[in-house]
Amino acid sequence: MAKHSIMVIDDEKIVGDMAKLSFEQDGYEVETFLNGESALERLKERRFEVVVTDLKMKGVDGLEVLRSIKKLYPGVKVIMITAFANLDVAIEALRDDVHDFFPKPVKIKELKASVKRALGEE
Amino acid sequence: MQKSFFRGLTEVFGRDRGAASGLTTRFHAFQAVLDGNNRALEAMTEMGEKLGGGYLFDVNYTRSAYATLFSAISGSLRHFNLLTGDRYPQLTEILARIDTLVQRMLSGAGTSSSRLVVFYPEITWDQAEEVGGKNYHLAELANTLHLPIPEAFAITTTAFTAFLRHNGLEARLAGLAGADGDALAGVRNAILAGGFPEDFSAALAAALEKLRDRLGRDAALAVRSSAEEEDGDFSFAGQFETVLNVPCTVEAVQEAYKEVVASLFQAGSTSYQRQLGYDPGKLKMAVGCVAMVEAKASGVIYTVASGRERDKMSISAAWGLGKAVVDGMTDADLYTVAKGETPRLFSRRIGAKEQMVVNLGRAGIVTVETPAAQRPLPCLGEAEVIELARQAQTIETYFKAPQDIEWAIDANNRCYLLQARALRVEEPAETGSDAQAQATTGYPVLLRDHGVVVQRGATAGKVFILRHLDELEKIPKGSILVARHDSPHFVQAIPILNAIITDIGVPTSHMASICREFSIPTVVNTGSATSVLRHGQAVTLQAGEGGEVVVYEGIVQGLLREERQTAAKLRELYEFRRQKYIMRYIAPLNLVNSLEQDFAPEKCKTVHDLIRFMHEKAVQALVASAEGQGRGFNRFFGAKTALHRLALPIPVQMLVIDLGGGWRGNTTGKATGFDEVASVPLRAVLAGMLAPGVWRNEGIALRGADLLSGMTRAADIPGGANMENVALASSEYVNMSLRFGYHFNLLDCYCSDTPRNNHIYFRFVGGAAAITNRSRRIQLMAQVLAEHGFALKAKGDLLVGRLSGLSRQEIEGILDQLGRLIGFTRQLDARLDSDEAVSILARRFLQGDYRPGP
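Chains as they are written, first to last, in our numbering: chain A, 928 to 1049; chain U, 408 to 1261.
If you're looking for bench data, these hints aren't it; they were derived computationally from the structure.
Every value quoted in this text rests on a predicted model; they were computed, and no experiment measured them.
It cannot be assumed that every hint is accurate.
[Unchecked claim] Some, not all, of what chain U presents toward chain A, calculated at C-beta under 7 Å: (1) G455; (2) K457; (3) Y462; (4) L463; (5) F464; (6) D465; (7) N467; (8) Y468; (9) E813; (10) K976; (11) L980.
Glycine included, every Cβ here is placed at the ideal spot set by N, Cα and C.
For reference, chain A alone in the conformation it holds in the complex (with noise of 0.2 Å):
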């Protein structure tokens, strides 16, 4: 069976090191990237079933990166993490089909949780 494929944006590169030996660990495979540009490019190339993204970044920011993938792959389910919660801002996620909201720091096994229940597993 082929490994299930999520993508993971921060502009921090610690947040994507951690979550990729995170998920790997549990037989995820992976892929990092620094800012929302240069992941909407791989994203033309090819689909994750889930994408955790970082909300605030220089560019393009995590809900835009929400809506781009809404509307290349419908059914890829995004999860939004950031430091500077704000219900105005996870309202606007929820709007656009976000499928998790989590305050930084998070609970790496909240994290993996919620990836669990976006592909159905849980």
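The hints should help you fit chain U onto chain A, whose structure is shown.
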């Protein structure tokens, strides 16, 4: 807490303004210190948890969490200075230094020092980055623990940067990220051909002259690497060049310096650096110039013999220089010592020691055949073994972790420590299950119970028999490397290897250290692996903690465990480590025993130390103030005092400062009993502590000697001088600090007829036993407190519990239980040898059964 405390004060001062008005300001300041400390401790615990690996976090988080912590501790310090009349100005300076270090780490900036050379005795706690890990740790052994090390000085990372700049190498290094072998060789050559800035040469000349003055003209040096992080979380064992026997002249040391620095760019070493997130050129290197010891014998100490033998340490020893042991080239003596107050020689195995490394002065360092008569002789006598073991225990206790220590004894039988670094020890694994037996059925056994397990684990792959080091580059990914000898050169292949097996080798070599760091299953000294196993053959290696080694032919799927531990892999992330390192200046507690000389303001090195020191001295200042007040009253009015000495039928002395209605009688000076206590919450908690069966008086043998002596000493000291146990009490409020040996309990409680005003804050920290047992005690306390509805935070050996809004009767009942728990767990950690014991004892405790045994 704020509210309740002031209510306590109002009570006192409202009723008897004259009696306590001199204390008002101090009480306010004291309260603010406690409050700031509590907030700082909580911020610290929270940070430790979030940076511990279980959370995704970014630098923004670290910044804001540190800002919260810093604001809390700064506030605490401000009030502390008010309380003590600026008696400890050092603390302000230390906090500023910690802040500078942390801010620099947060911004990723390097050291700002301009010093090029530092002698070891001058290296201080905040210079790790400047002198590199290896210099720093060795200096610490002498400066803090007063253990013997050779004369030495460090050439700093500032000097390293100056050297690179002088030779125009800075830009070249910045572009080395994806560099190939040729580019690296180019850099090495440029370094070897490099010159030195004038101030560098001058500083070096001055240092060498000083050394020659002390050691004589013929003194020689070992010039060795001390990279940032070296001997920290990662050992870099055997990664860099060490040049031995270097004469004390500027030219000779400069040549050696260049060789050491050039080794940063050796292919094997750069692959190790890459594994840890350092692109070539990113790592800064300080260098150590250490006087050579004319070693008669030398070797390595592991303060934990193995995961299953944590109560024993192993000392390996060979004739001559230590190279023979760390390179794994000789069959060394092995002494096992049972640790304890008086270490005891448990067993010894005298090795064949066919070869030794000797220093022939001008003729160099050479490996020679050991004279036949010398081979069967033990390198160490029992007294020497015990002395080494004592020193090793001191080091392990200080660093609070198992250690890997190099030592040498010279011709005059003087012992020197040459290096100390953390030793990775794994928790023992389950072995011998039925499932395992089933999984291996039908697979032929190629090798059984040969060799020494360096790193346990089960793994499979194709055998690659290495005949020559040149073949290292040809090893396919996922191979099991099989070789005649072990070698630090194997490190460059470690990212692609599944396991290493050698014919000859020792578990104390550099290669062994590195295999443990990266959790690569490794077995050495099998005697026959290269002849029994075939090149290209698919095999499964099972290396057990108990020393069981089995190599099966074929891939035994049932044995293969999950991938390497996440924790081990996380440590390899550079950014993760960098954030975590900030905690080094925050969380460790160095100031433990307030009765020891080292309990001094200038010994504080972390935020936790500052908190501990301030708490202790704040209580003292308050007691002194209350005492003065009492004396004043005695003088003028002949009777009333706010300070009372409580005598209990358990070995606890306590001072009670009456804030109003906390004390019944008018007794002064002499010790008085429980009946005099009028404070509702203090009575309740004391009643629990005094409940039958809770307070066990018998000591526990083990390493508890420290703990017991701590107690005895505390009890020996006349009341006024012993400020360890103090309760500030009013009729409905208590703030109590209790110290037993290395355990600190803090209770703050308001207990009135209005439930919404009531609260309990309980904090426990410390413990003298091994860290696992300490954590178990915390687990036990947490289980009990959770039953009573406390909201809990636990991290390492710190536990904080809060509860509020309960009725007076409920609070009293819980305080009684808390008193019992304080008494019950006082000496317990020595007995908590398993996780099951925690649950059993917690359950029993809740049923009122206070037997300590399993």
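#### Entry: Which numbered hints fail
1, 9
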